Amino acid sequence: MQSPTKQAGPNHVDYKEVLAPTPFLEHLDCYCLTQDWASWNGYKVARVYDTLASEYFAIRSTCGVMDLTPMEKYRVSGPDALLFLNRLVTRDISGLQPNRVTYVVWCNDEGKVLDDGTIFNLDGGHYRLCSQHHQLDWLLISSLGFDVTIEEETHSIAALAIQGPTSYSVLSAAGIKDLDQLKPFGILNISVNGIEYMVSRTGFTGDLGYEIWVDPCHASELWDMIFSLRERGLFDIRPTGLGALEMVRIEAGFILPGEDFNTAETAIRADHDRSPYELGLGWLVNFEKCYFTGKRALVAEVGRPIRRKLVRMCIEGNKVPTDAFLYDRQGGSRIGTIKSCVWSPILKTNVAMADVIYTKGNPPKKIWAEIYYQKELEWRATWAQCHISDKPFWAHRRSSLTPPEKF
Amino acid sequence: MKAYDAIVIGAGHNGLTHAAFLSKAGLRVLVLEKNNYIGGATASLELHKDWRYSNCSYVCSLFRPEIYQALDLGRHGLEVVPLQGSVTFKQDGDYFGSYHQSNLRRREIARHSKRDADASIRFDTDLMKWCRLIRGFLLRTPPDPASFKIRDAMEFAYLLKSFHKLSESQIYEFIRFFTMSIAEYLEQYFENDTVLAHYSGGSIIGTGLGVYSPGTAYVLLHHAMGDVDGNVGSWGFARGGMGSVSASLASSLRAVGGEIRTDAEVVKVSVNRGRATGVILASGEELSARAVISNLDAKRTFLGLLDPNDLPEDVVTRAKHFKIRGSSGKVNIALDGMPEFPALPEGSPLTLGHMHFTDTLERLERAYDDWKDDRWSQDPYVDMVIPTQYDPSMSPPGKHMMSVFVQYCPVEADGGWTDSKRGAFGAAVINQIADYSPNFKDLVLHAEIRTPRELEDEVGLTEGNIFQGELTLDQLMFNRPFPGYAQYRAPIKNMYMCSSSNHPGGGVMGAPGANSAREVLLDFGKSTTIPEDFGDD
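These protein sequences, in sequence, are chains S and R. For the first sequence, position 233 matches number 232 in numbering that gives the first Met the number 0, and the numbering has no gaps at all. For the second sequence, position 202 matches number 201 in numbering that gives the first Met the number 0, and the numbering has no gaps at all.
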């Protein structure tokens, strides 16, 4: 045995810094009046900066800005990059054009969903995969036999989400040109004041919005570019936290892996994982394309009646059905649970994602939620009928309008 | 002469647990202990003034919370405080810390390998699948798969049903898991040498196997399936040392009328016409009881306490071949202060957990090679803890107590153990620690060095095997200790076994003691006092 050297090793993890800072932290901290911090993939992000309502309405009526850096990001390059990604995901992405983005899910061999995310065709044979959860292990396992390079780049790219009806005006005023022709899921590479930005017309809010990507060393310039407009009293720009995002993403009908369902990698109990069909994502599965991981299991699954499904539901009344059990009638048999829900301030109704048992491939005829709620520390229970919605609760015309409305 | 319903031989934690449940059911119970202290391998003795060691077992995780609750051990003085994290020091001056904070833990794995940080999610999930499965069997008597009794059939059905909950591929994986080496198992997940070495430590502790030996993957599970307050895989310190486990059990036992006699070594179980009738002590004193329960390991029970002529031939043969290889040593150290570990940043919380100095699988295997040659490992694997960072009751203020578990240490150091060889073994351990802690040697005030020889002679563990029998598939579940005898009944009427030689095996678990008490009460026609498994779901 060699004698160990006596000095401390390099690059310690700072044990006092339980939540890692993003390149924007200093700026976030100035605005975070509540100091209500939360962990997103181990990074320090605000749950609420000021009030939940003001942040929610910033996204829906003006402009909300959110630090997107903690989102998992992987760079996929090499001659087989597209082949590999097309083998990974259930959707056919062979036609994904340069500077375009697409939404995807990917499964394990049993056809159970590991995660969802977006693939950016960055041009020049480079792709970016964004995901909810850590995927490097799976990407490397699945890349066996493909000539690709996969690098985790979460911390190497700083990003802000600029979302809401005035977001187009905000970015235009900030000096980003040529935005008027950028369609949803499009990418624009642009230089402002000598700094290279990538702007994508993407988001998790169901509203008009953009995501801006930059080298972390220019994070402050990006922040100032946006927030100097706020200082000038323009467009009502507000930083928004995870709380408001949760509200708008449920309204927009976007599922959240790890919250609305167990990802296959973390499912311990059998039957606690979900297929794309069981998540209402059957439209993302393409059997016509080349073989993809999980295809065999999914082909077998479509031949059988669906047993359960994650559905969008409206719930009558005004009591929020947090964690509620679902029944076929008041006091009847249990047929599911609410996974996530929110009182929608813009729709004035409760909306939810719910895991519901199907019988012979059909949804329940009636769904009732047993709701527990509190008044002055006293718990009460009530029943409310629920209605499955095939469409997102919130999908405004402005979100896809090109060019977008100007303010 | 006072008549007892039951006499338990050996006041280790399983004997005390067993006795407490029998007493609770109204039986008159006596526990006999050869030493002048109770606890066996769960003892905390003061060998250096004002310092108390956890002389053998030193951390607690497997002890069944159902037993803790049923015997009211909290009110009888037991407190188990979770310990935080672990660290492996590297030879190059760096270290790998497994922080108790999940965000830090992830960043630290990523510092060594980004891929391993993500793979650890898959690893944790898979290990938890097997933990969940195995935990359901801990407080149950194993079925006899060859029996046609209704109870066995029902128990076997329960076992099959548990497997039925697994998917097809999970069943394949589970079977592979039981037969794999830890190195092969971990290499399915991790790539970094230090990460591999760090995670594999728990799979060789107490076993006469190396990291490349088939069967070691299960030993990892055996060390991961416990919990502290529902946190599966966590370990804790018993306040006051592991002696607090036996002290609280003894207090609980006495509260329901049970008796304990120390300095009372049993040399024989009296057998009359195929029935156990009592015991004979070393002093010559004879005691009679309606039932005799041995908390000694299978070898001592069947080859020591009983006459081979009273036993079926196959039991004698199986006892002779029972795998109970000693492979571990223990060094307990009284320290004049807190040792420094310059590799760690100042104030690092990593000293609060398990500390290790073996950073590659190869070094672990080399340590095993030494043991096979009847030598103690020159570069041993140690599991080192400093409980006095949490527990002010074991050393004076500002001073510390260190518990160093050492793998490997042979039963017979080449040519037999001598005191000077024992000293050399202790020095090898102390030198290894001193390589990473420059002020360590100056702080040592006293050290208790225990090789398998001391563990056998003082504690009564055959060959010093800490599990009272290897944890290999051929000696687990309905094969423990031997096929056909896994339901705690000896082949002699009124004689039972309650030690860790029986299902579910070694560790401070209490489950063999509780499960066997259930069988005794069944035979006595008493309603059970043994709690049901809380269940994970």
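If you're looking for bench data, these hints aren't it; they were derived computationally from the structure. Owing to the predicted nature of the structure, the values given are computational and were not obtained by experimental measurement. A virtual CB, placed ideally from N, CA and C, is assigned to each residue, including glycine. Any given hint might turn out to be false.
As the list claims (entries may be wrong) - The calculated PhoX-like cross-link candidates involving lysine-lysine, where the alpha carbons are at most 25 angstroms apart (straight line), are:
(1) K164/R with K359/S
(2) K267/R with K294/S
(3) K48/R with K322/R
(4) K420/R with K398/R
(5) K338/S with K164/R
(6) K405/S with K338/S
Said to hold, decoys possible - Counterexamples of contact, computed for chain S against chain R with all Cβ distances above 10 angstroms:
(7) N10
(8) F56
(9) S93
(10) H132
(11) Q134
(12) W137
(13) R231
(14) I305
(15) I356
(16) I387
Hint check:
Between K164/R and K359/S the CA atoms are separated by roughly 22 angstroms; this keeps the pair inside 25 angstroms, and the hint holds. Proximity of K267/R to K294/S is assessed by CA-CA distance (about 67 angstroms); at most 25 angstroms being required, the pair is judged violated. With a CA separation close to 38 angstroms, the supplied pair K48/R and K322/R exceeds the 25 angstroms bound. For the hint pairing K420/R with K398/R, the CA-to-CA distance comes to about 29 angstroms; that exceeds 25 angstroms, so the pair is violated.
Distance restraint check for K338/S and K164/R: the Cα-Cα separation of roughly 23 angstroms lies within the 25 angstroms cut-off, and the hinted pair is therefore satisfied. As the CA atoms of K405/S and K338/S are separated by approximately 37 angstroms, the hinted pair breaks the 25 angstroms bound. For N10/S, the condition that its CB be more than 10 angstroms from all CB atoms of chain R is violated, with the nearest at approximately 6 angstroms. F56/S, annotated as away from the interface, keeps every beta carbon of chain R farther than 10 angstroms; the closest lies near 31 angstroms.
No beta-carbon of chain R is positioned within 10 angstroms of the beta-carbon of S93/S; the least distance is around 27 angstroms. At the 10 angstroms boundary, the C-beta of H132/S falls inside the reach of chain R, the nearest C-beta of that chain being 8 angstroms off. The beta carbon of Q134/S is not kept farther than 10 angstroms from every beta carbon of chain R, the shortest such distance being approximately 7 angstroms. Some Cβ of chain R comes within 10 angstroms of the Cβ of W137/S; the nearest lies about 8 angstroms off, and the non-interface call is violated.
At roughly 37 angstroms, the least C-beta separation between R231/S and chain R is larger than 10 angstroms, which holds for a residue marked as non-interface. Against the 10 angstroms criterion, I305/S stays outside the reach of chain R, whose nearest CB is about 19 angstroms from its own CB. Residue-level check passed: I356/S sits 18 angstroms from the nearest beta carbon of chain R, beyond 10 angstroms. For I387/S, the condition that its CB be more than 10 angstroms from all CB atoms of chain R holds, with the nearest at approximately 29 angstroms.
Of the numbered hints given earlier, the model fails hints 2, 3, 4, 6, 7, 10, 11, 12; all others are met.
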